[in-house]
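The listed protein sequences correspond, in order, to chains A and B.
Mapping of the first sequence onto the UniProt record's numbering: position 118 corresponds to residue 118, and the numbering continues sequentially without gaps.
Mapping of the second sequence onto the UniProt record's numbering: position 1 corresponds to residue 1, and the numbering continues sequentially without gaps.
None of these hints come from the bench; they were simulated from the model.
What you were told as hints is all true, and nothing was included just to trick you.
For chains that are exact copies, the list does not tell them apart, and a pair is met inside one copy or across any two.
Below, a list of computed lysine-lysine pairs in the DSBU-like style, where the Cα atoms sit at most 35 Å apart: (1) K8 <-> K25; (2) K62 <-> K228; (3) K366 <-> K25; (4) K25 <-> K375; (5) K128 <-> K141; (6) K228 <-> K25; (7) K141 <-> K25; (8) K188 <-> K375; (9) K128 <-> K62; (10) K198 <-> K159; (11) K228 <-> K315; (12) K121 <-> K241; (13) K256 <-> K188.
2 protein chains.
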Amino acid sequence: GTTSSALKGAIQLGITHTVGSLSQKPERDVLLQDFEVVESIFFPNEGSNLTPAHHYGDFRFKTYAPIAFRYFREMFGIRPDDYMYSLCNDQLIELSNSGASGSLFYVSSDDEFIIKTVQHKEAEFLQKLLPGYFMNLNQNKRTLLPKFYGLYCVQAGGKNIRIVVMNNLLPSSVRMHLKYDLKGSTHKRRASAKEREKAIPTYKDLDFMQDMQDGLLLEGDMYNALCKTIHRDCLLLQSFKIMDYSLLVGIHNVDKACREQVSEEAVAGAMDQRRPPGQKSLYSTAIEAIQAETGGTGSLDTEDKTGGIPARNSKGERLLVYIGIIDILQSYRFVKKLEHSWKALVHDGDTVSVHRPGFYAERFEKFMCNTVFRKITCK
Amino acid sequence: GTTSSALKGAIQLGITHTVGSLSQKPERDVLLQDFEVVESIFFPNEGSNLTPAHHYGDFRFKTYAPIAFRYFREMFGIRPDDYMYSLCNDQLIELSNSGASGSLFYVSSDDEFIIKTVQHKEAEFLQKLLPGYFMNLNQNKRTLLPKFYGLYCVQAGGKNIRIVVMNNLLPSSVRMHLKYDLKGSTHKRRASAKEREKAIPTYKDLDFMQDMQDGLLLEGDMYNALCKTIHRDCLLLQSFKIMDYSLLVGIHNVDKACREQVSEEAVAGAMDQRRPPGQKSLYSTAIEAIQAETGGTGSLDTEDKTGGIPARNSKGERLLVYIGIIDILQSYRFVKKLEHSWKALVHDGDTVSVHRPGFYAERFEKFMCNTVFRKITCK
Numbered sequence: 001g002t003t004s005s006a007l008k009g010a011i012q013l014g015i016t017h018t019v020g021s022l023s024q025k026p027e028r029d030v031l032l033q034d035f036e037v038v039e040s041i042f043f044p045n046e047g048s049n050l051t052p053a054h055h056y057g058d059f060r061f062k063t064y065a066p067i068a069f070r071y072f073r074e075m076f077g078i079r080p081d082d083y084m085y086s087l088c089n090d091q092l093i094e095l096s097n098s099g100a101s102g103s104l105f106y107v108s109s110d111d112e113f114i115i116k117t118v119q120h121k122e123a124e125f126l127q128k129l130l131p132g133y134f135m136n137l138n139q140n141k142r143t144l145l146p147k148f149y150g151l152y153c154v155q156a157g158g159k160n161i162r163i164v165v166m167n168n169l170l171p172s173s174v175r176m177h178l179k180y181d182l183k184g185s186t187h188k189r190r191a192s193a194k195e196r197e198k199a200i201p202t203y204k205d206l207d208f209m210q211d212m213q214d215g216l217l218l219e220g221d222m223y224n225a226l227c228k229t230i231h232r233d234c235l236l237l238q239s240f241k242i243m244d245y246s247l248l249v250g251i252h253n254v255d256k257a258c259r260e261q262v263s264e265e266a267v268a269g270a271m272d273q274r275r276p277p278g279q280k281s282l283y284s285t286a287i288e289a290i291q292a293e294t295g296g297t298g299s300l301d302t303e304d305k306t307g308g309i310p311a312r313n314s315k316g317e318r319l320l321v322y323i324g325i326i327d328i329l330q331s332y333r334f335v336k337k338l339e340h341s342w343k344a345l346v347h348d349g350d351t352v353s354v355h356r357p358g359f360y361a362e363r364f365e366k367f368m369c370n371t372v373f374r375k376i377t378c379k
Numbered sequence: 001g002t003t004s005s006a007l008k009g010a011i012q013l014g015i016t017h018t019v020g021s022l023s024q025k026p027e028r029d030v031l032l033q034d035f036e037v038v039e040s041i042f043f044p045n046e047g048s049n050l051t052p053a054h055h056y057g058d059f060r061f062k063t064y065a066p067i068a069f070r071y072f073r074e075m076f077g078i079r080p081d082d083y084m085y086s087l088c089n090d091q092l093i094e095l096s097n098s099g100a101s102g103s104l105f106y107v108s109s110d111d112e113f114i115i116k117t118v119q120h121k122e123a124e125f126l127q128k129l130l131p132g133y134f135m136n137l138n139q140n141k142r143t144l145l146p147k148f149y150g151l152y153c154v155q156a157g158g159k160n161i162r163i164v165v166m167n168n169l170l171p172s173s174v175r176m177h178l179k180y181d182l183k184g185s186t187h188k189r190r191a192s193a194k195e196r197e198k199a200i201p202t203y204k205d206l207d208f209m210q211d212m213q214d215g216l217l218l219e220g221d222m223y224n225a226l227c228k229t230i231h232r233d234c235l236l237l238q239s240f241k242i243m244d245y246s247l248l249v250g251i252h253n254v255d256k257a258c259r260e261q262v263s264e265e266a267v268a269g270a271m272d273q274r275r276p277p278g279q280k281s282l283y284s285t286a287i288e289a290i291q292a293e294t295g296g297t298g299s300l301d302t303e304d305k306t307g308g309i310p311a312r313n314s315k316g317e318r319l320l321v322y323i324g325i326i327d328i329l330q331s332y333r334f335v336k337k338l339e340h341s342w343k344a345l346v347h348d349g350d351t352v353s354v355h356r357p358g359f360y361a362e363r364f365e366k367f368m369c370n371t372v373f374r375k376i377t378c379k
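Kindly generate the complete structure, drawing on both the sequences and the hints.
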C-alpha cells in the first residue's frame with residue numbers, strides 16, 4: 001500500500017504537473033464535454049521527459065475535468081499560482097478527526113484547502129454532478145455547498161486513491177468554542193462518549209437542542225438571507241436526490257474569547273498558535289451565504305475578515321458563526337434506496353435521517369430555520 | 001390542415017397562457033432537469049376552466065423547458081409582460097422570404113421577435129442543446145448565436161407544428177442596403193436569379209467576394225473583439241457537431257441613406273415606413289458581440305441605438321453592420337453524416353459547405369476574419 005507520506009508526495013507532484021500543464025493551454029470557454037474529461041500522466045520513479053524523478057514508487061496521476069475545475073477555481077477567486085503554492089510548496093497536514101466515513105483529511109499548511117479521500121462511487125457521482133454544479137454556481141452565488149477545487153486520482157501499487165480538494169470551512173486561526181454537525185434529524189443524533197472527550201467535539205442535533213434551546217440569534221436581514229440560501233441549496237440537493245448532508249456549524253464566542261485572552265499567556269492557547277492565520281480568507285462561505293449578492297458591501301458588512309456570520313446566543317454574547325453544507329457526495333439515490341426501506345419499517349419516518357430526498361431537504365431546512373437560526377425579535 | 005391564421009391565433013393563445021401560468025410560479029433556480037420538461041395544455045374550441053373559448057379548431061399547446069427559457073429571457077433582458085405583449089397583443093406578420101428551408105417565418109408587429117417553424121428533429125436538437133446553451137450564455141456574453149426565447153408546439157388536426165421564438169437580427173426601421181448569408185464556402189454560394197429579383201436580395205459568399213473585395217473595414221479594437229467572439233462561437237458549435245450555420249450580415253450605408261433622404265419624399269421609401277421602429281432595441285446582438293464585456297460603456301460606444309457595428313467600405317462610406325449566426329439547428333451530426341460522404345467524393349473537400357464540424361468551423365472563422373471583416377490599417 002501507499003504510505004501517507006508517499007500519498008502526500010504523489011498528490012503534490014500530480015497537482016503541480018496538472019496545474020502547470022493547464023496554464024500552458026489557452027483560456028477558453030468550458031464546454032459540456034469538458035465535464036467528462038479525465039487526464040492521466042505516469043510518474044515513474046526515475047523521472048520522464050514530462051515528470052521529475054521522485055523517491056516514491058511509480059504512480060499514475062489522473063485529473064478529472066481539468067478545464068471545468070479551472071473555471072470553478074476562477075469563479076471562487078483562486079489563482080492557479082496560489083492554488084499550486086498552497087497545496088504543493090509545503091507539507092500537507094493530516095487531520096485526525098476523520099469521522100465515521102473512513103476518509104483521510106489533509107489541510108494545506110496555510111490552512112486554505114482541505115483534501116479529502118473519497119470512494120470510487122463518490123468521485124463518479126461528483127463528476128456527474130458537475131453540470132448541475134456549474135449551473136448552481138452561476139445562479140446562486142450565495143450557495144453553502146462545498147467549493148470543489150479539484151478531483152484527482154493517485155494510482156499506485158494496484159490501488160486507486162481518489163481525492164477531492166475543497167475549501168476549509170473552519171479557519172484554524174479562529175478558536176471554535178462549539179462545533180456541530182446538524183442534519184435536522186433526531187434519531188441517534190448525539191455525539192458519542194468518545195467524541196466528547198476531544199478538545200473540541202463535534203456535537204449533533206440532539207446536543208444542540210439541549211445546549212442551545214434559543215438557537216443562534218441573527219439580525220432580521222441576515223436571517224432572511226441565510227434561510228433563502230438554505231432553501232435554494234436544499235432544492236438543488238433534492239433535485240440530485242442527495243440526502244444525508246449536514247450543516248457544519250463552528251461557533252466562535254467573541255466575548256468569551258476576549259475574557260480568555262486576558263489569561264491566555266498563562267494557559268496553553270494551543271489552538272490559535274498551531275499555524276499562521278490564512279492569508280486569503282477563503283473561509284468566506286458563511287458570510288457569502290448572506291451577502292454575496294450585495295457585492296460584499298452595504299448594510300450587511302461586518303468588520304470580521306474571517307467570514308464568520310455575526311450572531312448572538314441567548315445570553316446576548318457576540319458570536320461569529322462559520323457554516324457550510326458538507327458530505328453531499330456520500331449519499332445518494334443508489335446507495336440509500338435500500339437502506340431506507342428497512343429503516344423506515346423499524347423507526348418513525350420523521351426521525352430517520354435516511355429518508356427520501358424531498359422529505360430530507362424539507363426537514364433539514366425547517367430545522368435550520370426554526371431551531372438552529374432564529375430572528376432577533378424587537379431589539 | 002391548420003390555416004396560417006389559425007396557427008397564429010393558436011400561438012398567441014398558447015404563449016399568453018404559458019407565460020401567464022409561469023408568472024404565478026415562484027422564482028427559483030434553473031435545475032438540470034428543467035431542460036427536459038414539456039408542459040402541455042388543451043385548448044378546446046368551447047373553452048375550459050383553464051383556457052378561453054376561441055374560434056379555431058381544438059388544439060393542444062406544448063411548452064418546452066418553460067423554466068429554462070424564462071431564465072434565458074431574463075438573461076436577455078426580456079420582461080414577461082413585454083414578451084407576451086409583443087407576441088400576443090397584435091397581429092403576427094408573416095414574412096415571405098422563407099428561404100430554402102421551407103420554414104414559415106412570422107415577426108411580431110413591433111418588430112422585436114421572429115417566430116420560425118422548425119422540424120421535429122430541430123426542436124429535439126434544440127432541447128438537447130439547452131444545457132450547453134446555458135453554459136455559453138453564462139460565459140460568453142458576446143455570443144453571436146441566436147437568442148432563443150421559447151420553444152413550443154401546436155398540435156392540431158393530427159399535426160404537430162413546432163415553433164421557436166428568436167430575436168430579430170435586422171430591424172425593419174433600418175434600411176438594409178445589402179444583405180448576405182455567408183458560410184465561408186464557395187461551392188454554389190451565389191444568390192439565385194430569382195433571389196436577385198427581390199428588392200433586397202440575400203446574397204452569398206461568392207457575391208460578397210466579387211462585390212466587396214476589400215471587405216467590411218473595422219477599427220482595430222472592434223475587429224479584434226468581433227473575431228474573438230466568432231472564434232468562441234465556432235468552438236461551441238464545433239463541440240456540438242453543428243455545421244452549415246451562416247453569418248447573416250445586413251449592411252446599412254449611412255452616407256447613402258443621407259443622400260437618399262433628400263429625395264425620399266419623392267421616391268417610395270417603402271421599407272422604412274412599413275412599421276414603427278422597434279421600442280426596445282433588441283437588435284443589439286451585433287454591437288453586443290464586440291462590447292458586451294465592456295458593459296456597453298467605454299471606447300467602443302457608438303451613437304447608434306439600433307445595435308449596428310460601425311464600419312466602412314472601401315470607398316470610405318460609413319456603414320452600420322448587423323450580424324448574427326443563424327441556422328444552427330438544421331444541420332448536425334446525424335443528418336449530415338451521410339450527405340458528407342458522397343459530396344466529398346464529388347467535389348473538392350475545401351469548397352463543399354457540408355464538411356466535418358471542425359473543418360467547417362475553421363473555414364467559417366477564417367473567411368469571416370480574413371475576407372469579410374478587415375482591420376483598418378493606419379488611419
